[in-house]
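J.: Sequence:
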Amino acid sequence: MKRQLTIVFFATIMMLVGAYFAQTASADDRGMRHGGRGMKGDGKMHEMMLREEHPTWRHLMALGLDEKQKAEVKEIRNRVMKETIQKRADERIAGIELKDLLDNDPVDMTAVQVKLKQIETLRTDIRLSHIRAREEVKSKLTPEQRKKFIEMCKMEPPMMGGRGMQRGMRHGGGMGMPPEQEEMR
14 MKRQLTIVFF ATIMMLVGAY FAQTASADDR GMRHGGRGMK GDGKMHEMML REEHPTWRHL
74 MALGLDEKQK AEVKEIRNRV MKETIQKRAD ERIAGIELKD LLDNDPVDMT AVQVKLKQIE
134 TLRTDIRLSH IRAREEVKSK LTPEQRKKFI EMCKMEPPMM GGRGMQRGMR HGGGMGMPPE
194 QEEMR
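Letter by letter, the sequence shown follows residues 14 to 198 in our numbering.
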């Protein structure tokens with residue numbers, strides 16, 4: 014029984030490692046070689062989502078924000094950009110460390126598991142940061158602006174294989190929510 018549990022544990026870890034590298038290889042095919050994670054990934058798309066030309070910011074500017082609101086939104090955007098850049102760098106470093114762990118013979122499965130959890134925690138932190146920022150921005154709007162902003166976001170045409178603004182940001186880019194959370198709103 015103990016032997017079977019050990020085999021199942023190692024098989025599970027290997028599947029997680031395989032899935033991680035499959036995702037990384039898939040990201041390479043979509044643009045990782047150029048410093049991003051492609052159109053559907055999490056890399057440079059995050060920075061694009063946070064810049065002023067992204068539909069989120071165009072929607073906000075179309076709401077007739079006063080100067081105070083503009084300054085508050087800009088502060089939120091800049092803070093989130095800095096956090097995202099730092100966490101992306103940490104994630105990439107952890108990925109390099111994971112590859113180093115996998116080069117060892119025998120592979121320290123406990124260390125691999127810890128590293129994979131670290132990587133996923135960083136990804137989750139980024140997504141949560143963007144969701145919090147989006148809610149913080151919405152809190153700076155008047156009730157009329159907020160209602161209009163939400164409607165504008167829903168009307169956004171699909172982009173990059175997603176559900177308008179929400180799909181384009183489902184991996185943490187911009188300030189969208191994952192699709193399952195959008196349904197609950």
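Hint data in this document are derived by calculation from the structure and do not stem from the laboratory. None of these values were measured; they are calculated from a predicted model. Where a beta carbon is used, it is the ideal one built from N, C-alpha and C, also for glycine. Worth double-checking, as some hints may not be accurate.
What the hints assert, rightly or not - Listed next, the in silico SDA-like pairs over lysine to any residue satisfying Cα-Cα at most 25 Å (straight line):
| hint | residue 1 | residue 2 |
| --- | --- | --- |
| 1 | Lys112 | Thr123 |
| 2 | Lys167 | Met14 |
| 3 | Lys87 | Ile20 |
| 4 | Lys87 | His72 |
To be verified - Label pairs and their in silico Cβ distance ranges:
| hint | residue 1 | residue 2 | range |
| --- | --- | --- | --- |
| 5 | Glu133 | Ala75 | 29 to 39 Å |
| 6 | Asp138 | Gly77 | 44 to 54 Å |
| 7 | Pro156 | Asp116 | 53 to 63 Å |
| 8 | Ile20 | Asp118 | 49 to 59 Å |
J.: Next step is simple, just say for each hint if it's right about the structure.
T.: Hint-by-hint comparison with the structure:
no.	hint	in the structure
1	Lys112 x Thr123	holds (14 Å)
2	Lys167 x Met14	violated (53 Å)
3	Lys87 x Ile20	violated (52 Å)
4	Lys87 x His72	holds (14 Å)
5	Glu133 x Ala75: 29 to 39 Å	holds (36 Å)
6	Asp138 x Gly77: 44 to 54 Å	violated (33 Å)
7	Pro156 x Asp116: 53 to 63 Å	holds (56 Å)
8	Ile20 x Asp118: 49 to 59 Å	violated (19 Å)
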